[in-house]
Amino acid sequence: MAMIGTSVRRVEDNRRLRGIARYVADIERPGMLHAAIFRSQHAHARLIRVDVARARAMPGVVAVITFEDIKTVKPIPMRLEPSEDLYRALQRPLANDRLRYVGEPIAVVVADTRYLAEDALEVIDIEIEELEVHVDARSAIKPGAEPIHPGVARNIAHRFVVETGNVEHALADADALLEEEFYIQRHSAVPLETRGLVAEYDEGRKLLTVWGPTKVVHFNHGVLASLLDMPPSGIRMIEVEVGGGFGVRGEFYPEDYLIPFLARMLRRPVRWIEDRNEHLKAANHSREQWHRLRVGYSQDGRIVAFDDHLLNVMGGYIRTHGATLPTMTAAYMPGPYKLDNYRCDAHCVLVNKTPAGTYRGPGRFGASFVRERALDIIARRLRMDPAEIRLRNFIPSELMPYTTGTSAFDTPTVYDSGDYAKQLKQALEKFEYDKHKHWCSEQRRAGRAVGIGIGCFVEKTGGGPWEYARVEIDLSGEIIVYSGAADVGQGIETVLSQIVADTLPTDIESIRVVHGDTAVVPFGVGSFGSRSTVVAGNAALRAAQDVKDQLLALAATALQADIGDLGFENNHIVVRGRIGSAISYAELAALTEPSSARALGVKPGISAEAIFHVDRMVFPYGVHLALVEVDQKTGFIKIPKYLIAFDVGRAVNPMLVKGQIVGGFAQGLGGALLEEFAYDSSGQLLSGSFMDYLLPSCAEVPEVEVLLTEDAPSPLNPLGVKGAGEGGTVAVGATLANAVCDAFDGLVNIRQLPLTPELVLGAAHEARKARAELR
Amino acid sequence: MTTGHAITIEINGLTYRGEVEPRRLLCDFIREDLGLYGTHVGCEHGVCGVCTILWDGEPIRSCLVFAVQANGGRLSTVEGMATSATELHPIQQAFTETHALQCGFCTPGFLMTLQALLSRNSHPSTDEIRDSLSGVLCRCTGYHNILAAAELAASRLSTK
Numbered sequence: 003m004a005m006i007g008t009s010v011r012r013v014e015d016n017r018r019l020r021g022i023a024r025y026v027a028d029i030e031r032p033g034m035l036h037a038a039i040f041r042s043q044h045a046h047a048r049l050i051r052v053d054v055a056r057a058r059a060m061p062g063v064v065a066v067i068t069f070e071d072i073k074t075v076k077p078i079p080m081r082l083e084p085s086e087d088l089y090r091a092l093q094r095p096l097a098n099d100r101l102r103y104v105g106e107p108i109a110v111v112v113a114d115t116r117y118l119a120e121d122a123l124e125v126i127d128i129e130i131e132e133l134e135v136h137v138d139a140r141s142a143i144k145p146g147a148e149p150i151h152p153g154v155a156r157n158i159a160h161r162f163v164v165e166t167g168n169v170e171h172a173l174a175d176a177d178a179l180l181e182e183e184f185y186i187q188r189h190s191a192v193p194l195e196t197r198g199l200v201a202e203y204d205e206g207r208k209l210l211t212v213w214g215p216t217k218v219v220h221f222n223h224g225v226l227a228s229l230l231d232m233p234p235s236g237i238r239m240i241e242v243e244v245g246g247g248f249g250v251r252g253e254f255y256p257e258d259y260l261i262p263f264l265a266r267m268l269r270r271p272v273r274w275i276e277d278r279n280e281h282l283k284a285a286n287h288s289r290e291q292w293h294r295l296r297v298g299y300s301q302d303g304r305i306v307a308f309d310d311h312l313l314n315v316m317g318g319y320i321r322t323h324g325a326t327l328p329t330m331t332a333a334y335m336p337g338p339y340k341l342d343n344y345r346c347d348a349h350c351v352l353v354n355k356t357p358a359g360t361y362r363g364p365g366r367f368g369a370s371f372v373r374e375r376a377l378d379i380i381a382r383r384l385r386m387d388p389a390e391i392r393l394r395n396f397i398p399s400e401l402m403p404y405t406t407g408t409s410a411f412d413t414p415t416v417y418d419s420g421d422y423a424k425q426l427k428q429a430l431e432k433f434e435y436d437k438h439k440h441w442c443s444e445q446r447r448a449g450r451a452v453g454i455g456i457g458c459f460v461e462k463t464g465g466g467p468w469e470y471a472r473v474e475i476d477l478s479g480e481i482i483v484y485s486g487a488a489d490v491g492q493g494i495e496t497v498l499s500q501i502v503a504d505t506l507p508t509d510i511e512s513i514r515v516v517h518g519d520t521a522v523v524p525f526g527v528g529s530f531g532s533r534s535t536v537v538a539g540n541a542a543l544r545a546a547q548d549v550k551d552q553l554l555a556l557a558a559t560a561l562q563a564d565i566g567d568l569g570f571e572n573n574h575i576v577v578r579g580r581i582g583s584a585i586s587y588a589e590l591a592a593l594t595e596p597s598s599a600r601a602l603g604v605k606p607g608i609s610a611e612a613i614f615h616v617d618r619m620v621f622p623y624g625v626h627l628a629l630v631e632v633d634q635k636t637g638f639i640k641i642p643k644y645l646i647a648f649d650v651g652r653a654v655n656p657m658l659v660k661g662q663i664v665g666g667f668a669q670g671l672g673g674a675l676l677e678e679f680a681y682d683s684s685g686q687l688l689s690g691s692f693m694d695y696l697l698p699s700c701a702e703v704p705e706v707e708v709l710l711t712e713d714a715p716s717p718l719n720p721l722g723v724k725g726a727g728e729g730g731t732v733a734v735g736a737t738l739a740n741a742v743c744d745a746f747d748g749l750v751n752i753r754q755l756p757l758t759p760e761l762v763l764g765a766a767h768e769a770r771k772a773r774a775e776l777r
Numbered sequence: 005m006t007t008g009h010a011i012t013i014e015i016n017g018l019t020y021r022g023e024v025e026p027r028r029l030l031c032d033f034i035r036e037d038l039g040l041y042g043t044h045v046g047c048e049h050g051v052c053g054v055c056t057i058l059w060d061g062e063p064i065r066s067c068l069v070f071a072v073q074a075n076g077g078r079l080s081t082v083e084g085m086a087t088s089a090t091e092l093h094p095i096q097q098a099f100t101e102t103h104a105l106q107c108g109f110c111t112p113g114f115l116m117t118l119q120a121l122l123s124r125n126s127h128p129s130t131d132e133i134r135d136s137l138s139g140v141l142c143r144c145t146g147y148h149n150i151l152a153a154a155e156l157a158a159s160r161l162s163t164k
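Each protein sequence line maps, in turn, to chains A and B.
Reminder that position 341 of the first sequence reads as 343 in the numbering used here, one-by-one numbering, no gaps.
Reminder that position 37 of the second sequence reads as 41 in the numbering used here, one-by-one numbering, no gaps.
The hints are simulated quantities; they were obtained by calculation from the structure and are not laboratory data.
Check each hint, because a few of them may be wrong.
Claimed, not checked - Reference excerpt, derived from the structure (chain A facing chain B, CB under 8 Å, subset only):
hint	residue
1	Asp-15
2	Glu-195
3	Glu-243
4	Val-244
5	Gly-246
6	Asp-277
7	Gly-491
8	Gln-492
9	Leu-658
10	Gly-661
11	Leu-697
12	Cys-700
13	Val-706
What the hints assert, rightly or not - Distance condition first, Cα-Cα at most 20 Å in a straight line; then the derived EDC-like pairs of lysine to aspartate or glutamate:
hint	chain 1	residue 1	chain 2	residue 2
14	A	Lys-640	B	Asp-131
15	A	Lys-643	B	Asp-131
16	A	Lys-340	A	Asp-387
Said to hold, decoys possible - A few chain A residues that don't get close to chain B, going by computed Cβ distances all over 12 Å:
hint	residue
17	Ile-50
18	Phe-69
19	Ile-72
20	Val-137
21	Leu-179
22	Asp-204
23	Arg-207
24	Asp-302
25	Arg-394
26	Lys-424
27	Gly-748
28	Arg-773
The beta-carbon is built from N, C-alpha and C at its ideal position, and this holds for glycine as well.
Please build the complete structure, drawing on both the sequences and the hints.
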């Protein structure tokens, strides 16, 4: 059976269903201590004194550390999109003389139990002097605003401009101009497992072992070695089960230094498990951005100039993502449209909130909202169907591969393949767009607020620079795949098993996939930005093909046959047409045991390594369509119909791709309707619990129809695959906002997310007023 | 230093004895003192439902109960669900067939909640399933497949 393209059940499921999968909080070590972190309750203050004497004397407390204990440590470096000026705002693992957000680590207590460690947090005293707090990026950048970091004038840590064509000229020449402002609220991934780490130091062998890293294990391995001033060979990082990542988990955070540091200092294992309130204020936030837009368009609905002034709201520090968020927003704003004159003036703004990083669809969730809202507003002005204006502006498929003129991660944006118009038409047909549109207008005439929204997007996936794989067959004939990818719940073990079993036929349940262990996987980039199937998948394919050649050569010798006559059956190689001739993987592996390998003149063991290098990223694309009804008394949005069309090239496992799309949709829905890290004016986080930070439950997530098209396999990799992780998420805010505006006949203009009942009620009120004026 | 209270709890048919501080949470006792790590903890304030276990067959949030309160109780956790080392419980089986889990962190909470629902109502309506499961949060799946798994398990269990 062909494994690629088949919806096989996941190999990860059995252990997770039985409750025997081990997550980081399940790791116990002999003599293990427990850490708890004392965090700032002040958004912006001078830190004058930290008094931990009483905490040190508390029962069960083994150690308490503050900045004084780690003062020579370097700041945590940037992993992506670094820039010289951002170095001024990097974070050290513990606060020194200034506090810059609520949740910033100030001290760590280590005690016999977590309960005792948390008790000791209560008696730590600090002395501070309050400073002016910036929660609104628009005021933080005013001339004369108190800088959060010395030397960062107007709190603009970094600014860059992207431009293609000539925007000013094109704006001046345009038939008409749209000027608008948009805001995307601060929210984030919020996986159901909070972060955590276990670290242990073997003093005799000078070996530090860390359980709990994920996403970019090898990069973090290098960072930890550098910050602890240890050779990388003295640190082993081990990824265990991960309870959801979505971009946030697995970056190098202050705790990723503090816990290993403490284990080495105390010569005892230390475990730290974040609590939920901590997670909401300490793990990366994301998404918050302000856009000021000028769009020039022609009377026939063509966008001739697109000018975006972007404030990307970071936080109190710059973390590992550097300028990734504004870079991606700026690079991918054009989406599926041919924008010959495009500019983004992007600013990384520091405010007194939790630092920001990537979250599923970084840059694209906001960019889609802004771009798709703008298109709808223009269509409305021109009395043009929203689908029609999109069709008029799409990049025609004849122009593929298409260079947009922007770039990110030192890679020019070149869309590899796609037929955007074809997909939109397919989606409209499946959605029965015309019928529902007609129905909506009728119902609106009868007083109901029903409407349709469209959101089109292009996704960026399969980022580089490379990924590593090694495929081995052990002496029992079992296939082992070593990968530089990480398992954040997405099913990468299944996907890699499918890809390898397609080349080396075997029961996929019998394949062992090893990842995230720096002692046995020498290289790795990791799992983020919908890259694993593309890069780890193609690396595994290449290594498996090499192993296949090795097996065939051995079998030809053993069976005294021509390679051309050999074929694969489950776990065996057979000579075609010769009955009874079969040799198993185990028997072939036995031939490579060192003594017999020497006799045969072959290398010992069956094993192959491969690196898949990425020169250009791959760009899947999609359409979201929503039918909504707004309750004009409560502001509640009902979604009776939602469709997502997504082309991921070739789907290795369609069931898993659909799982990614629907799961991604639910997160997008949270971002569109519910989730917000709200702050008061003093910089206190108001949504620090699950009573206030609202994740969608199954009562909120509607039915979603998925149209998985496979029209445009990527020409850039042998599998033809593109990444599937983020397309379900990125257009939900845009689509629902457009649908709600349509539900009010376009008489209202939604400029921000989330679409809370208050906001929607305000829109309903605005629409009533506008209708009264029209009469 | 602990003012220990001796407690006895039956979990998945086995009797466990332990000594706990009054403030020790039931989820911590089950996980750390007994080593039954299959029960996960997602929020520690009773919202996410991930730590759901059964007490006399009824779902409870083990992060909202002190271990001492469960003294003498009869509990079930995810470890007790599967029929054997090779066979899954029909609810677990439905979960893998419908791809109702990704990272698996919330899964024990859903499995326990569903087990309770299906044991008292062998023919739940879609609304009843949705209502019952709305107390457990999942961040990966978007719930569609969890609801499908619930329907599948319900249909199989009711025809048994």
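Pairwise hint evaluation, Asp-131 (chain B) against Lys-640 (chain A), where the allowed Cα distance is 20 Å at most: Holds. Lys-640 (chain A) to Asp-131 (chain B) sits at ~16 Å (cutoff 20 Å).
Status of Gly-748 (chain A), Cβ more than 12 Å from any chain B Cβ: The assertion about Gly-748 (chain A) holds, with a minimum of 30 Å to chain B.
Proposed interface contact between Val-706 (chain A) and chain B, which counts if any beta carbon pair is under 8 Å: This hint holds: Val-706 (chain A) lies near chain B, its Cβ roughly 7 Å from the closest one there, short of 8 Å.
Non-interface claim for Phe-69 (chain A), where every Cβ of chain B lies beyond 12 Å: For Phe-69 (chain A), whose nearest Cβ neighbour in chain B is about 28 Å away, the distance exceeds 12 Å, so it holds.
Satisfaction of the Gly-246 (chain A) interface hint, Cβ to chain B closer than 8 Å: holds (5 Å)
Per-residue hint verdict: Glu-243 (chain A), partner chain B, C-beta under 8 Å: holds (7 Å)
Verdict on Ile-72 (chain A) as a residue remote from chain B, using beta-carbon distances over 12 Å: Correct as stated: the minimum Cβ-Cβ distance to chain B is 28 Å, above 12 Å.
Chain B contact restraint for Val-244 (chain A) - C-beta distance below 8 Å: With Cβ-Cβ at 6 Å, under 8 Å, it holds.
Leu-179 (chain A) and chain B, when compared Cβ to Cβ, separated by more than 12 Å: It holds; Leu-179 (chain A) is separated from chain B by about 39 Å at its closest Cβ, greater than 12 Å.
Hint validity - Leu-697 (chain A) Cβ closer than 8 Å to any chain B Cβ: Because about 5 Å separates Leu-697 (chain A) from the closest Cβ in chain B, which is inside the 8 Å limit, the hint holds.
Interface restraint verdict for Gln-492 (chain A) against chain B (beta-carbon cut-off 8 Å): Holds, because the Cβ-Cβ distance from Gln-492 (chain A) to chain B comes to roughly 7 Å (cut-off 8 Å).
When the least beta-carbon distance from Glu-195 (chain A) to chain B is tested against 8 Å, hint result: holds (4 Å)
In this structure, every one of the numbered hints holds.
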